[in-house]
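Just need the whole structure built from these sequences, with the hints factored in.
Single-letter residue listing:
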Amino acid sequence: MTQHSRAKSDAFVPSGQIQFGVFFQGVNSGTIWKAPESGSQTGFESFRRIAQTAERGLFAAFFLGEGLRLREHLGRPHALDVVGRPDAQTMLAALASVTTNIGLVATQNTTYNDPADLAHRLASLDLISGGRAAWNIVTTDNAWTGANFRRGGYLDHADRYKHAEAFVETAKRIWDSWETPAGPARRVLHEGQHYTVDVTPRLPRSAQYRPVLFQAGDSPEGRNFAARQADVIFSAHPKFDDAVEFRKDLVERSLAAGRGANAVQIMPASEFILAPTAAEAAEKKEWVRSLQIGPQQAIAYLEQFWGRELSAYDPEGPLPEIDPVVEETSETRGSGFHGAKARQLADQWRAEAKDKGLSIRQFVTSKTARIDATFTGSYTAVADQLAEYARVGAVDGFNISPWLIPTGLDDIVNHLVPELQERGVYPTEYRGSTLREHLGLETPVRTADTTAEAVTA
Amino acid sequence: MSTSSPTQGFLAIELDGAGREGADIARAVLAAESAGFHAATFTDAPVPGRANALQRAAFAGPVTRTIALVPEVDTVYTEPFHVSTQLASLDYVSGGRAGWITTAAESPEAAAAVGRSSATGAALGQEAAASIEVSRRLWDSWEDDAVIRDVATGRYIDVDKLHYVDFETPAGFAGPGYSVKGPSIIPRPLQGQLPVLGPASLLGEVSVDAVDGVLVSAPAVELLAAEIRDVRARVGASVAVIAELDVVLDARGQAAAGRLAGIDAGRAVYAGSAAGLTDFLTDILKEADGVRLHPASLFVDLEELARLVLPELRRIGVLRPVVQDGTFRDLLGLPRPVSRYATATAAHAAAAPAGAGK
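Listed in order, the protein sequences are those of chains A and B.
Once you know that position 433 of the first sequence is 433 in my numbering, the rest is easy, because the numbers rise by one and skip nothing.
Once you know that position 140 of the second sequence is 140 in my numbering, the rest is easy, because the numbers rise by one and skip nothing.
Among these hints, one or two may not hold up.
To be verified - Here's a subset of chain A near chain B, in silico, CB distances under 10 Å, partners left out:
| id | residue |
| --- | --- |
| 1 | Thr90 |
| 2 | Asn142 |
| 3 | Trp144 |
| 4 | Ala185 |
| 5 | Arg202 |
To be verified - Computed list of lysine to any residue pairs in SDA-like fashion (alpha-carbon distance at most 25 Å, straight line):
| id | chain 1 | residue 1 | chain 2 | residue 2 |
| --- | --- | --- | --- | --- |
| 6 | A | Lys34 | B | Ile148 |
| 7 | A | Lys356 | A | Arg446 |
| 8 | A | Lys285 | B | Arg155 |
| 9 | B | Lys286 | B | Ser273 |
| 10 | A | Lys34 | A | Glu45 |
| 11 | A | Lys172 | B | Gly49 |
| 12 | A | Lys239 | A | Glu37 |
| 13 | A | Lys285 | A | Glu37 |
| 14 | B | Lys181 | A | Lys367 |
| 15 | A | Lys34 | B | Arg155 |
| 16 | A | Lys284 | A | Lys172 |
| 17 | A | Lys162 | B | Gly115 |
| 18 | B | Lys181 | A | Lys356 |
| 19 | A | Lys172 | B | Arg50 |
| 20 | B | Lys181 | A | Arg76 |
| 21 | A | Lys34 | B | Val159 |
| 22 | A | Lys162 | B | Arg50 |
| 23 | B | Lys181 | A | Arg446 |
| 24 | B | Lys181 | A | Glu72 |
| 25 | A | Lys367 | B | Arg155 |
| 26 | A | Lys172 | B | Asp160 |
| 27 | B | Lys181 | A | Gly75 |
| 28 | A | Lys367 | B | Thr153 |
| 29 | A | Lys162 | B | Ala112 |
| 30 | A | Lys367 | B | Gly154 |
| 31 | A | Lys172 | A | Trp144 |
| 32 | A | Lys162 | A | Gly75 |
| 33 | A | Lys34 | B | Ala152 |
| 34 | A | Lys34 | B | Asp145 |
| 35 | A | Lys172 | A | Arg446 |
| 36 | A | Lys284 | B | Thr153 |
Since the hints were made in silico from the structure, they are not lab data.
Predicted model, so just to flag it, every value in this text is computed and none were measured.
Backbone N, C-alpha and C fix where the C-beta goes; we use that ideal spot for every residue, glycine too.
Written out as structure tokens, the structure is:
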């Protein structure tokens with residue numbers, strides 16, 4: 001495992017390689033469900049097909065998201081987007097039996113899980129899959145999601161990373177607790193503001209020692225958290241210059257956290273629209289966008305910000321002159337802003353749409369269609385572009401959200417991957433059998449024995 | 001139990017001891033399926049080395065075709081919302097072959113692990129009853145045809161077919177009371193409702209209506225038939241009665257008695273020849289709908305069961321036929337239920353013009 005690892009160092013060294021992950025999104029507005037070739041979003045066959053295609057393309061990882069309460073729109077479940085998804089770890093355990101190499105990444109919330117229970121289930125997934133499990137750590141703080149849980153909503157926004165870090169450190173101690181595959185286990189104690197844990201862990205280390213940790217979250221607190229705790233950050237910075245800047249920032253944070261410059265890998269979320277020629281790709285992009293943001297989606301998007309029904313407005317016409325309802329709205333319900341900012345934003349958007357001559361539909365498309373995260377072009381042009389990322393080490397890989405389920409990776413695996421392999425920037429075989437090996441991550445050092453002390457956070 | 005002859009029953013096998021790695025789990029469940037077992041169960045009490053039961057069942061889903069996959073899932077120290085969605089997901093990955101053995105752990109260790117005070121006595125049954133009710137409501141919270149994918153209106157779902165479950169723990173609930181809002185995050189399970197099994201000891205706080213099957217134990221084989229009759233009298237014919245039996249068979253030239261040491265699970269133990277077990281199961285399946293076997297050594301006893309016991313039971317017509325692509329509900333003779341929330345919408349749809357619901 002160590003032969004591919006880079007030694008802890010203060011100088012960042014590009015790996016010269018690109019890895020791919022696939023993010024089967026579940027609940028979202030970017031997956032096209034209106035096309036006849038779109039399959040089930042919840043049936044096992046869709047997951048099997050995508051995971052096996054990704055594995056054929058030597059993808060490092062298969063990601064699943066998590067949502068613990070259905071998104072709402074104007075006080076009811078949202079009708080227009082893909083809704084509903086299986087539990088991540090249950091689905092990944094099933095996929096472990098029909099795949100052999102690909103990493104299995106479960107997004108799991110630190111706020112609505114118990115550390116001992118979640119750590120045990122992740123350790124189970126890691127053993128069942130032969131050392132392929134990973135945890136994409138996310139945090140939530142709101143009582144709205146908490147309404148589905150016995151614990152309810154109780155966490156101050158400012159506390160969520162502090163809490164998450166105590167949670168992750170407890171999980172690491174649980175995974176570290178078995179000295180050898182036969183045991184014995186060390187008892188793990190944690191007494192915190194939100195949890196008390198007193199557990200003698202039940203499972204030994206896996207083939208990759210413990211699950212790989214991914215972190216998604218872009219605030220300074222989130223980045224520092226990743227720099228201290230994570231193996232990979234699932235970033236929101238795929239555009240070249242932005243990616244280079246983000247790398248620089250993360251390297252600094254990693255060094256400040258006492259880790260090596262290469263300690264945390266970066267995989268931005270991305271979307272690929274590819275074809276044999278640039279012209280065909282551009283045409284395909286028009287088709288994708290028209291199916292992602294239809295007239296109803298455009299109106300609904302504005303309704304989230306306006307906080308009121310706007311169905312009387314023409315999607316091909318200008319933005320509504322009527323003002324938003326000013327009230328406290330929750331981010332979880334899809335609104336990106338709060339209260340009094342509503343009018344200000346509406347004014348700004350109306351001015352912007354007018355300046356650019358955009359209809360509601362065109363304007364919403366410009367706001368929602370992950371422009372930064374989209375690579376559009378011919379297979380060869382995009383391969384050249386990605387080779388440049390690899391050369392300078394702007395990222396370690398991309399986490400691809402396919403816009404079509406379950407065939408959305410086919411052209412990437414069949415055409416883009418071979419182009420990248422020809423350029424020497426993409427693996428030609430799996431490096432080993434564990435996710436940690438695929439990513440070239442170092443084996444973690446077992447934490448010191450803390451049997452006697454209860455760690456307090 | 002109306003779909004086949006009343007003298008035919010089913011056999012389940014507990015797969016504890018298969019190991020915690022994928023290859024071991026697959027080997028065990030495939031051996032059980034090819035032997036003709038109707039269901040495999042996965043125990044989940046906190047024992048060193050034991051992986052999560054639900055995940056072991058999920059791993060087994062895609063590699064099997066007929067065998068029902070039934071994990072134990074605790075109801076006291078696990079979040080009901082997570083339990084419900086995990087089990088619904090198991091139904092998806094197994095093609096409708098999932099079930100749930102509800103357990104209520106009287107375990108100070110499990111309580112300490114999640115920082116709670118230990119539940120005992122009637123509180124255990126109350127926790128189980130609440131958790132089952134939450135799961136069942138969440139499974140019904142998406143009506144079967146909630147996903148409409150209507151291109152003309154741009155609607156992926158019909159919002160009228162999603163429901164808040166608004167569960168509240170009942171007055172007098174022994175543990176800390178709680179509420180669950182819903183709807184579920186996953187559409188209705190393939191079976192509509194997963195069959196819920198529970199130990200007879202939970203009956204009381206857990207009502208008969210809440211379960212589809214009851215696991216019945218007796219301290220000795222001679223007492224099992226009477227115990228089954230007793231439970232049957234309490235639960236009626238609509239709830240499956242499943243006898244629990246430890247099994248140690250003469251195998252590999254060694255008498256069963258030689259391997260008896262260490263078996264003390266508080267269950268009836270059959271120790272002896274394969275022929276004797278065949279006779280015993282034939283008799284007990286006249287009383288019970290099914291029997292769950294707990295082999296003393298998974299691979300030693302499973303091999304004997306596969307080679308000698310199940311073929312003979314099939315030959316004499318005691319076992320239900322194994323149905324390719326059947327659901328666990330099919331095995332138990334349970335119809336697929338309509339969502340409890342569907343009535344209002346169905347009445348609404350009936351008043352609307354034909355085809356308006358699509």
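Those earlier numbered hints the structure runs against, lowest number first: Hints 2, 7, 12, 14, 16, 18, 22, 23, 26, 31 and 32 not satisfied by this model.
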